[in-house]
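A.B. asks: Each chain, written out:
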Amino acid sequence: MADNKFAAYICSGCGLGDKLDIKTLEKIAQKEGKMQVVKSHPFLCNAEGVQTINDDIANEAVTHVCIAACSRRAKTEAFHFPTVAMSRANLREGVLWIVAAGEAHDEVRQEMANDYVRMGCAELKKMKLPAGNPDKAQNKRILVVGGGMSGLTAALDAADAGYETVIVEKQGQLGGWATKLWKRVPFKAPYAEPQDTGLAALVAKIAAHPLIKVHLNSSLAETAGAPGRFTVKIAQESGAVTDETVGAIVQATGFTGYDIAKLPELGGGQANVVDQAGLEALAIAANGGAIKRADGKEVKAVVFVQCAGQRGHGGNGSGQHLEYCSGHCCATSIKQAMYFKDQNPDIDTVVMYSDLRVPGMGEDFYRSAQEKGVIFTKAKVTAVSGGDACKVGFKDLILDEDSSIDADLVVLATGQVPSAGVELDAWTELTAAADGGSDEAKQKIVVMNKASVLNLTYRQGPDLPQFKYGFADSHFICFPYETRRTGIYAAGPVRRPMDILQATEDATGAALKAIQAVENASLGRAAHPRSGDLSYPLVRLEGCTQCKRCTVECPFGAIDEDEKRFPVFNEQRCRRCGTCMGACPVRVISFDNYSVDTVGSQIKAVDMPDEFSERPRILILACENDAYPALDMAGLSRTVYSAFVRIIPVRCLGSVNTIWITDALNSGFDGVMMMGCKKGDDYQCHFVKGSELAHYRMSKIGDTLTQLGLEPERVVTQEVAITDNQRVVTLINDYVAQINELGMSPMKGFN
Amino acid sequence: MSYQNNFLKEVEERVEEGHMVKMCMQCGVCAGSCPFGPDWEHSPQKIFMMIRAGKREEVLGSDSMFMCTSCYNCIVRCPRELPITHIMHGLANYAHRIGMAPKGQPTRVFATMFWNNLTKKGRVNELTLTLGLYFKDGLVSGIKTAFGMQSIGLGMLLAKRLNPMEIFGGHGLKDLKGFHAIVAKAKEIEDRKKGFTA
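Chains as they are written, first to last, in our numbering: chain P, 1 to 751; chain L, 1 to 198.
So that you can see chain L by itself, here it is in the shape it has in the complex (with noise of 0.2 Å):
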């Protein structure tokens, strides 16, 4: 139903920061004042409009939140106070965890490679992460852009800033079950906290 509270109570919820949302007194502010305004889809401005408006789809399926670059600018600003960039952040991660954010959003699927290789051995093991970006829409395409960053890879094996031996698997914590468990436990206190059954 539009314009009614489920959606909004939703966020609320489940959403970082979500309970914020309501107090947007739509001024425009922070759309005025965001860098990437022209580039979004939805500003903030519209993005809360909409989730009042009840737009559950559009919302949770646009790559607007994605396109955060965290410069605080509308935070700044708010005359409200409102959190936005974190409310941002809470609305994209929701949408990732349910699985509504857009499919192939290059940030998105950034940050999952990022936060999947930080976890592995809790260090984040750059060759692999860079290789796994450039492979990441095929072969091809991966040797492709490979080819075209040799001279900085060869510059930086010169001055030492890679081990070309991370590749099989690289140096992790001392204690690294101690820190899967942290992180287990970190998503376990968060899935309760909003609602996730997984």
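Extracted from the complex, chain P is given alone in its bound form (with noise of 0.2 Å):
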């Protein structure tokens, strides 16, 4: 490869030229940045300005572009030079939009915009063009692990898009819940009547496509590798296994119903109390005829008892049972009421909420079943007795008063268990027993394996990351399909409860996730959220003191370890937020573009003035997703913030590692402050766990800072969301003022 060349364009359009004095930029960029071409021009993004930049990569072989203009986040396209590594000096939204107007902010103004164009030449002078991670993984098929509903959609899917797809199946035939449904609920308009589950079609295309092949009565003996390079040993009942290699995994385990045997308060285990898996088969057995309970009785009158052990309102209302709402089965309530109504509008038909939840389109449909006579009350059901005469005894809500009511047969609505495999909080635990030595500890285990889905090579453990209440682990707004695993995503209710229309949608979801992540695999990509990313982690293992940190630490569970305890980096699991680097002691991970070094250079370029300037200089970390965008924003609207910070946008709080608040403090810095997003169990973290971690590595440093003679104050944590574009601007200029009371740094002056 031939020798780096180092390039400053600075631009001068959008009124930077007006209020900074570019001919000190310039000057900067080539004394101090040591940039070997600079150029200014007065509207940098416009195709004469770009056509410089490319010019001079043509011919003069500049490999490094330092662009001092806009925001990193601004102008992508115009500044897209993908054949040079690349930073971005933020003089517009940074500094020309948010520095107070007037001659009297000129100098703070100017100071601040040469920090960043030193602070631009420094993280460049670190910087490597990242060329993509060289073991490519190729393979492209795609595994689906469960044959219900949201698994076929997602085999017939990817298989439609040209994927070759592989579906395994437990039981001995596909279609899983559907095949227990005797109608579903409507998903076209009108909305109104109980439609077909449609699974026969859906079985007949799957059994018909070229593309796709099942297994039945098998199960997933072993998974390894990674996003592009899985191998899987599918079990059958028998015994026999077959191997199969493939490229990402849709786990659409889906869920079994909460055991009525748990509600004997409302009735659960007695004669003639069923759930709703009960009174489908009964409609099967019915078959569109009067509808008969399992002692042979036509049924008369039907109760339905919503949110039966949900909601934590199961009976006893003592928040036992399942916390959440099961989302459905409102809706199949009022499907099933409908069964016998079209059979006979004069079976007296009771549905008993307490809030009636019909997503979707429902609202139509609870509307069609009140047209055909079916009674809504809102009411708290206290006591169920089944056998040959049920009585349901209930607090109607709107008439405040005790009732009860007699019925030939009483529906539970209970809820959606997911099948998420092995709690991994739990299998840690055991694993570290039985490393302990611990018998009982290692015959759990293999009771736990038995019941994994996945059972993962991984060494942090053989299932999904579970979340709340069991489901796997993912954003329910921002990436719904993505697991803390990458390359496996989970459809349909193993991820949140869901009906059928749901569950299908998220399948095509999760089909396209498994598309991109082997697309991007193969071609040696990060796949989400950073899709696309050629940069990858480089570990020094000569270095490495085999501390585990990285391994415990990787949200995405990307890291095993050899023999000899040393790390290994699988790079397809990798989504490259660099919280291995941030948890790294002997900082011996880093990418090409981004590292401890491109950092850290950043923090010492700047230009720190004395103890008596009264100018204090403050560090803000901010996560790349939304806090920077966030201040970008509160550029965008021209939203002033204290010249006194210097902001560096990082891939994730996650990656901050603990030595760039060391320098920063040691290079004279008065304060850091850190803003990355909401943690915790209703996170907003791209890396799920980064900015958790951010804030407990934070809350070690404390001692550290008093042993400096430091106050703790002088490193605070924030959590932003990408809303608070005005939130930000309160938090820096009050850190500012806080800073400004503790008094300047005692550290400025040392070297």
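Watch out, some of these pointers could steer you wrong.
As the list claims (entries may be wrong) - Straight-line distance between alpha carbons at most 30 Å, and here's what the computed DSS-like set of lysine-lysine pairs gives:
#1 L/K194 x P/K341
#2 P/K548 x P/K300
#3 L/K9 x P/K300
No wet-lab data here; the hints were simulated from the structure.
Mind docking these for me? Both chains are given alone in their own frames, and the hints should help you get the complex.
C.D. replies: Below is the structure:
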């Protein structure tokens, strides 16, 4: 490879030239930034400006480009130079638009711009153009675990898109829950009548599809590898094992119904008290005729009890049973009441609900049931007795009185329990105990591994990490199908409670994600959310101390261990968040274009005014996913914030290595503020755990600061959402005021 | 039997707009919108729930429907577009027809008096209607009320807004026989539709 040649291009458009001394910036880029080529342009992002840069790349062999213009999030199409490494100095959103107007502020404005140019150049010096993972994984087949409505839809969609697909189904037939249904809730206009499940047609399409292979009576005995190179052992009930290699996996393992035997207070376990699945069985047996109970008696009056053992009001209201709403049960009960009404309008059907929730077009379906004469009663059911003459005791919440009702059959609308496999926290605990020699733990692990769905050979456990209530962890809004194991996508009720329509939509989404993963893996790129990123973690193993922090803290289970307990990076599983880089105490993990050095050198490049200047310097490490856009938007709305801050975007707060904090304080920064996403159960962190880990790491830094004679307030961590464009300003200004009160850092002037 | 279809069906068949009762989704907007809300024993929301709960005696014996002032707030606001005001009047009428409406309920008494007065001659005789109202609770209270109102009565007399001769029956429609036939036919049709035998 030819020698590196560094170039800086400074834009004077958008008013930058009016307020900033571009000549000074050029001089800084040249003298301090050591840029070999320095040019300014009045309109850098227009065709002519971009051509200048392209010409230099082509003719002057420029390999590294620093663009000092607008935010790195702006003009990305104009400033797209895939053959060179690039840094961006944010003079527009970061300086021009946020520093107060007027000559009084000219000096601080120029100082800020000078620093950003220094930082851009310093970063560039440490960057390399990422070449992409040379270990390209080429398998593009897609494995679908679970042959229910979600799984079949995912398989069909993937196969129709031209990807070979393998379905693994535990049962002897395809269809899953849908095989147990007489009809399904309508999914087409006018949303008024129960519809055929459409399962037979779907199964026929699957059977006829040349790209789909089906394994029945099978489960996964082992799953190893990474996106683009998974190897799975498919074990048949008979014991035979088939090996398959696939590129990505869709886990559509669905749910089981909550066991009504756990609801004795609602008559669970008694005769003629059934769950919704039980009623479907009776309806299938009736085959369109009068629905009869198990004892053969024709049902003339039926009561549906909604939220049975759900939403914290399972019968006794003690908060036991399921805490959540399963979403489909109201519409399902409406459908089932119609089974009766359609067959004989004189049958009394009463639905007892506390809140009737019919998402989607369910309101039309609800209305249709009312027209058919189904009675809906807002009530809290207090007792159910089964037997020949069932009785439901309840409190009518509209009439505010206790009452009871007789029925031939009581249907409990119980919830969905996800089949997401083994809970990893429990697994980790048992593994530790087993490693410690506990025989009991060893036996328990054997049982647990049998219950596992995927049987991953990952160091971090055999299944997907679970969220609250046992659903596969994924972000409800931002990335619903992306689980915390790259290349494995959850679809359907395994990730949140839902009905068939939602599950099949989910399946399409998950299939698309799987395709994205295999395509990116085949090109040596990151799958998502940094889709297409060519950088990948590089580790200098000779410096590794085997502390295991990277393997434990990686939110995506990308890092295994070899026999000598060194980390083994599976780049295809990696999402390039840099959490491992932030975790590594000896700093041996880096990316070509993002490393401890690229950020560290920016910190050190800032020109530090002396102790008596009354110009504090505050470093802000801002998550590039939410906090940095929020800061950009503050600039867009011309909201003024302190010109004493220097902002560096980071891939994720999880990638913040504590050495940066130390470096910043040592070089005289008066405060360091980190801005990351919301953490906790309702996290908004794009890398799930990054923000949480950063908060945890920083909580430990206070003692170190005290030892250095610094106030703990000099390092703070904030949770910021992308919509917080006004709040970030308040946070910054308040913090600057706080630092002013604390006084300048005593560390200034030591270097 | 409670929470069964019997009474709901009866309401559907025999009460004006009664078929819409089952479409109520119990949101309570009508109850919250009613300017007389606090003065009713049962809000429309409750009346509808009571119908579904099969509380026939309570619903038809309730005086709540008679409290409706026809302001139409509920109709305007009902998200399910139930003609609530009409259903209230329908229920009141039905309860009255089958003799279950509360005895002596002032609205019911006045409405009956008004109807009887109107259908006699095809015109409302204001003098007899007013006097009838004054004396509905007996001679003594009637005389008391009449005395209390005498200045208004004299004022109306002087302004020629009140003809004392109307007390002897007053004037009526030209074709009174035809009018009575129309009313009788209308009643016959309504009775047939709603299943009244009488």
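A.B. asks: Please go over all the hints and tell whether each is borne out by the structure.
C.D. replies: Hint by hint, here is what the structure shows:
no. : hint            : result
1   : L/K194 x P/K341 : holds, 25 Å
2   : P/K548 x P/K300 : violated, 65 Å
3   : L/K9 x P/K300   : holds, 16 Å
The structure does not agree with numbered hint 2 stated previously, though it agrees with all others.
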